[in-house]
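Under this note's numbering, the residues of the sequence shown are numbered 5 to 127, in order.
A portion of the hints provided could be inaccurate.
To be verified - Computed Cβ-Cβ distance ranges for the label pairs, DEER-style:
1. H101 <-> K73: 28 to 38 Å
2. F52 <-> S78: 26 to 36 Å
3. H126 <-> Q99: 36 to 46 Å
Don't read these hints as lab results, they were simulated from the structure. Note that this is a predicted model, so its numbers are computed, not measured. Cβ atoms here follow ideal geometry from the backbone N, Cα and C, with glycine treated the same way.
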Amino acid sequence: MIKTKNKFNWDALGITASVACAIHCALLPFVLSSLPLFGINIIDNSVFEYSMIFIAFIIGIIALSKGKKLHHSSKPMFLFSIGMVFLFGKEIFHQFHLILLIPAVFFILYGHFINFKLVKVHE
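Modelling step: build the complete structure from the supplied sequences, incorporating the hints.
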């Protein structure tokens, strides 16, 4: 019997979610600034923002925890945690939105990237 690997790549999902979040945060205000005219407001909707951060957090924790079981390195989780602190800070300190968004995305993506590389080495 041939056994096939049917593994889900949580790091790829984490990277995709992080990039989608960055696009949302950076471009959406410019592209969709007319939505309030139609009664739709997702740009400054804190429920939406915190929901997206929560989803990114859950995906990241799952991906990095699975990776850590394999490669035993805390570096990806540490980088991801720094990124999440910046991401939450972006929501708390609105006046520094873009200044905090850029390092948030960098650290989150870099954490997933390092995890992805370490998992590939240990498979």
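Consistency of the hints with the structure:
Range check, H101 to K73: Cβ separation about 35 Å, and the 28 to 38 Å hint holds. Evaluation of the 26 to 36 Å hint for F52 and S78 yields a pass: the beta carbon distance comes to about 32 Å. At roughly 43 Å, the beta-carbon separation of H126 and Q99 lies within the given 36 to 46 Å, and the hint holds.
In terms of the numbered hints stated before, the structure departs from none.
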